[in-house]
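Taken in sequence, the protein lines are chains R and B.
Residue 45 in this note's numbering is what sits at position 45 of the first sequence, and the numbering runs on without skipping anything.
Going from the second sequence to this note's numbering is simple: count from 1 and add 1000.
If you are wondering where the hints come from, they were derived from the structure by calculation, not from laboratory data.
Warning: the hint list may mix true and false statements.
Facing chain B, according to a computed beta carbon distance under 7 angstroms, are these residues of chain R, among others [as the list claims (entries may be wrong)]:
id: 1; residue: Ala-27
id: 2; residue: Ser-32
id: 3; residue: Leu-44
id: 4; residue: Leu-46
id: 5; residue: Ser-93
id: 6; residue: Phe-101
id: 7; residue: Phe-103
id: 8; residue: Thr-105
id: 9; residue: Gly-106
id: 10; residue: Pro-113
All values reported here derive from a predicted model rather than from experimental measurement.
Note that the Cβ used here is the ideal one computed from N, Cα and C, for glycine as well.
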Amino acid sequence: GNSVTQMEGPVTLSEEAFLTINCTYTATGYPSLFWYVQYPGEGLQLLLKATKADDKGSNKGFEATYRKETTSFHLEKGSVQVSDSAVYFCALSDRNTGNQFYFGTGTSLTVIP
Amino acid sequence: NAGVTQTPKFQVLKTGQSMTLQCAQDMNHEYMSWYRQDPGMGLRLIHYSVGAGITDQGEVPNGYNVSRSTTEDFPLRLLSAAPSQTSVYFCASSQPGTDTQYFGPGTRLTVL
Chain R
1 GNSVTQMEGP
11 VTLSEEAFLT
21 INCTYTATGY
31 PSLFWYVQYP
41 GEGLQLLLKA
51 TKADDKGSNK
61 GFEATYRKET
71 TSFHLEKGSV
81 QVSDSAVYFC
91 ALSDRNTGNQ
101 FYFGTGTSLT
111 VIP
Chain B
1001 NAGVTQTPKF
1011 QVLKTGQSMT
1021 LQCAQDMNHE
1031 YMSWYRQDPG
1041 MGLRLIHYSV
1051 GAGITDQGEV
1061 PNGYNVSRST
1071 TEDFPLRLLS
1081 AAPSQTSVYF
1091 CASSQPGTDT
1101 QYFGPGTRLT
1111 VL
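With the rest of the complex left out, here is chain B (with noise of 0.2 angstroms):
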């Protein structure tokens, strides 16, 4: 099993600039979320999804889209960039009533 993958593993964007952040888990999770890790703020989440086609804000949602098509990936949009949101990414999945969350490597974005 490759786990949780995320892809690109760095990023630069200019201000006004869209992408998109790829997650991918092949452990068949049902949960998948979202959080930006800043310095002295630990991790905050962004959105999760409880399963296909279900998602839901969390914490600092806005800015951020999602979607959940289908139960292996969960990719996270940035539509129009913001120096604000210049952090590390983390995607994390798990199994409802396993109570661990399984993480991925992150992505260091930088926005210009």
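Chain R on its own, in the form it takes in the complex (with noise of 0.2 angstroms):
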């Protein structure tokens, strides 16, 4: 079956410091993977998103890539700033089963000054 396992959190880092959160998947297709960023009080929004393996997805500074020798899609951030405080959630969607998600469990992610 289908199911995205994402590293625990929550996450505490200083203001400038590199982001991994690290996230892994099985699917049974070629699935497409994506990173959602939950902001307090919101719903979801897409961060980035890669399609196929060896895409780069990127946006906002925050990169993945889509690996599938190792099924993972790590997201990666080189200076974090504050106002990137959030929930992060990996997901795959699979077009065998009509396009529906699997979400991770979502790592919490808070940036000090």
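If you follow the hints, you should be able to join the two separate chains into one complex; please do so.
The following block contains the structure:
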């Protein structure tokens, strides 16, 4: 079946630190992979996505590369800001199941000045 | 475009009461879904619909009903609320083939 596993949080970093949030997946087909971000009190927003192996998604300084050989889609940012404090969700979409989404449990990030 | 809208934003129910959470989208998306978000469990799919008149169960459908009479609307009904249904509920929509889901702002439900 399909599933997503992401690193447990919470994660606390100082401003300008390097961020990595690990995400691995299991899929029966060829999924698309996503990172969504949820700011306090809001719904989820798409942060970035990649639709095939070796694709790199990027947005707002965040990056993630679709690695089929390691079934991973780790989120990285070189220098985090206080405004990046949020919960980050890794997800996959499987066309074989009607584009149904499968989400990880979320990783809470707090960036301190 | 308003995107995906949900009402109400907050709701408190007593055990056994019924209610409907409303969800609407103005993007003409065929695919709509309902999730619940609980601490440490991420988002879990309750029900989804691939078009008007078609609905199917997700991972945690028990205690919830849905219908899809129009493309725009996808209400979620709680028939007899239980404390275990205390959660934040998100509605989402997407167009098949585009891979991206658009989420509403959520409804925070408390069942006493």
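Of the hints given before, which are not true for this structure?
Violated: hints 1 and 10.
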